[in-house]
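Undergrad: One-letter residues, chain by chain:
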Amino acid sequence: MSSHPETEKPDVLTTHEATSTSGYGLPVYILGVGLIIITAYFAYELLFRKTKGLAAGEPTFIIAGPSGSGKTSLFTLLRYGEKSTTLPSVEQNITTKFWLPNLPDTAKPFALIDTPGHQKVRHGMFSALQIAQAARTIHGVLYVVDASAMSRPEQLREAAEYLYDILRITERVRGGTDVLVAANKSELFTAVPAKRLRTLLETELDKIRESRAKSVGKVGAGSDKHNSDDGDEDDGAVVGGSGWLGRRGEKGSFKLEDLETDVMVIDGSVDNGKIHPWIAWMEERAVN
Amino acid sequence: MIDYFTVFTTGGIVLWQKCNQPVSAAIVDSLVSDIFIEDRTRSGEQSSLTRDRYTVKWTTANDFGIIIVAVYQSLLQISFIDELLASVKKLFTTLYGDELKNKDPEKLPVCKFDDYFAVRYAELEKLSVGRKVGEVSGAVNEGSGDKIASGDESEDASEPPSRVTSSDSIGDAVKTEKAAVKKPNLSKRGGRRGGRGGPKTRVGRESPFGSSGDEVPAKKSGKKLRKWDIDGSARDISDDEGPLDFSAGKSNGNVTANEEDSDNPLLEDENVENWGSKTKSGEFILKDLSSEINSILAVPDASATAEGTRGPSAALASGFGFFRNIIGNKVLNEQDLDKALAGMKDHLMKKNVAPEVAQHLCDVVCKSLVGTKTGNWTSIEKTVRAAMEAAIRKILTPSTSVDLLHEIQRVKSANPPRPYVISVVGVNGVGKSTNLSKIAFWLLQNNMKLLIAACDTFRSGAVEQLRVHARNLKKLTEREGGEIELFERGYGKDAANIARDAITYGREHGFDVVLIDTAGRRHNDTRLMSSLEKFAKYANPDKIVMVGEALVGTDSVQQARNFNAAFGANRNLDFFLISKCDTVGDMIGSMVNMTYSTGIPVLFVGTGQMYTDLRTLSVPWAVNMLMA
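Residue numbers (my numbering), protein chains in the order written: chain A, 1100 to 1387; chain B, 16 to 643.
Treat the hints with care, since some could be wrong.
[As the list claims (entries may be wrong)] Per label pair, the in silico range of CB-to-CB distance: (1) A:1201 with B:388: 49 to 55 Å; (2) A:1370 with B:77: 28 to 34 Å; (3) A:1313 with B:624: 22 to 28 Å; (4) B:371 with A:1346: 30 to 36 Å; (5) B:601 with A:1386: 33 to 39 Å; (6) B:576 with A:1223: 48 to 54 Å; (7) B:34 with A:1181: 54 to 60 Å.
In case anyone wonders, no lab produced these hints; they're calculated from the structure. A virtual CB, placed ideally from N, CA and C, is assigned to each residue, including glycine.
Please model the entire structure based on the sequences and the hints provided.
TA: Printed below as a string of structure tokens:
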């Protein structure tokens, strides 16, 4: 946009030349028509092109979760009705034509964003969530976890940490943004059942809350001018520091119910096609 | 033999895959993350990675958002792998391009690519064998050996497609299966004969327009096949009526004309008809396929000439270029990017980013943008800037989160309990002892029981310095209940032994954390650096922290690399602590240098003279600083 003024100058100059050299004749007329066409084009671009895409504000669901939990499979199952073989995602999968099956015909399609789970590229998820929250188009976050891996401490820890960061964002809006913890792969016999997963996550979130509060502060937080410029929009404030989730209280007192965000944990399986409980959850959120 | 070959979208949806040998999913997943997310390949342009016993080669098509990956055993030398990747990319984007371009399709793209792949693979394999024989004319034995081997392999190659198709249970499996089995044989025959073919094809290629008369006889001779030998450039392929010709000779003479359509417009109508009739009749699928492949691969010829003719219109285009730049929606090519990237590189270097690293970042950005479209109302500069921010963010973001307090708790509650050991290393005067005491202060505030081991037995005053720190910290944190003690053995002793003794002492006396200070050493002094290996072995710290100055410039790349390599084959640094960040303003390029050159994250940042002036790194803050 900064190059705007520069580009308009040449036009003005040529009009001047035209008027001074050849009087008011055909050239001016041609130039005038040209200008009108250009302006019309610009106006068209501004009015119509920009409204395309996610900025237009379709109601949105976001799929998130640690690597290898089955996000992309869930995405293709929801969007195309078939699950595909997948490899780790590098970028987001986005659709704006996601129809929930049991909604009335008048319902609009939803946007569905499948975000990569790798730690290095999670930033995209946080900013997508923040944008959707700011535009009030977010209807829910599907946080997919591999239930069969939740019995392993490191995996549970990772899942909880990511969830913690998401909850920090969802807590910022009044009423919170609903989060469904979709316990995928529940058909495996090592899978942790939903109820147990909920308590496991609570315990882990509590620990994270404790150690985050005790950790060294983030560089540039607060005092730095760069940070204050961007304010809360930037994820600078998100993934860090002293944010405290839930009620102040003793160690071990963290409860998901205390949050503004409504968090549900529901079993399911992409592999078996057993995703109707999740779809039901989405449909409940869709009508709100 | 290629173990695993796949084409998938950047979103992670596999469009097509072929698995000749079962490769564990975990391995493929980790390779994909390492290559495309963590960007572990530091060898410049070369797009290959060797891990354990597998080698991975890949290519990407940004405009379609697809990634093509081949995984094979490192023992095997597959000379034509690059050609295979390139031609698969070409075929795939041509065949399924429209579907792939649509970013939000109604259904998953179905890519029945097995047959194309099998044919192309067999052809390239033949070709590579032919080449070998040509090159090593003396070593007859070797050559024939290769030939036999290749024969076996091509038979292998002809089998898998049938397996895959049947398992996929796609409608026309049976037909294609037959076709697939036949095809390699045919092309094999063609290839062999072609191998003998002379330079005629070359002549044909060089004068495409004059050749309309020559072509028919040339085709009939079958020598055209030779084209595969010179296959190197995609252009040649248009001449390759060879395999087609044989099959066509028996079935339909006109088919051969097909190949000419790019060169000879007069034949076009006829060609199209032939093409259509042929495709309708199921029988000829075979020929159809290989000719289709050839014609697709021949297309670059046309696009190359188009680029040539674009010359005059280029001036016109550049006239509107600046409009495009404002309006956006411009398809980016390397020339467009070069200018913007040069500016970006200068900018980064002013921020203390090493030239090598800046160049790498520019390459990454260039690769990720070529072929993509700029957004509406987005200039190239803006697009490049956004991509650069993403690239830097990706480098700086750690791939695993480090929560020291949590880890210390875990070790503490382990059975039997042992102290958590952290040691700091670094060049002289970067602030190892100072930052060690800052970490100590933070841990003390969290009610830890600390032991500081003075393993700098070289520089005079080092032990006394730590003693002062320990005394200060004790006073400061007495109320909070932290405990701190100094473990010292004077000067001149071996540091590794002292460290080990300190840890034993710590374990016996129930310390939570042992912090080991080491002597500063120049990273290019091999004598001093070699003692680190012994140190790592004896002390075996849970975390080795390298303290690096923000002040240091280009040298930080080498510092980080040398220190990272100094601990032996099985041990690396765990994270960096960048000190003196308050002294450089926004020129914090050293951080990028160090993380880039080792892939190890920055955890802490030193921002001042006080015990409290220790911060964890905020990636957005760093990105802002660098891009400002």
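Undergrad: Could you run down the list of hints and mark each one as holding or not?
TA: We went through each hint and held it up to the structure:
Taking 49 to 55 Å as the suggested C-beta distance range, the pair residue 1201 of chain A and residue 388 of chain B does not conform, at roughly 37 Å. Range check, residue 1370 of chain A to residue 77 of chain B: Cβ separation about 32 Å, and the 28 to 34 Å hint holds. Range check, residue 1313 of chain A to residue 624 of chain B: Cβ separation about 23 Å, and the 22 to 28 Å hint holds. Hint check: residue 371 of chain B to residue 1346 of chain A, Cβ distance near 51 Å, so the stated range 30 to 36 Å is violated.
Distance hint check: the CB atoms of residue 601 of chain B and residue 1386 of chain A are about 49 Å apart, inconsistent with the given range 33 to 39 Å. Range check, residue 576 of chain B to residue 1223 of chain A: Cβ separation about 30 Å, and the 48 to 54 Å hint is violated. The supplied range of 54 to 60 Å is broken by residue 34 of chain B and residue 1181 of chain A, whose beta-carbon atoms lie about 20 Å from each other.
Hint compliance for this structure: hints 1, 4, 5, 6, 7 are broken, all remaining hints hold.
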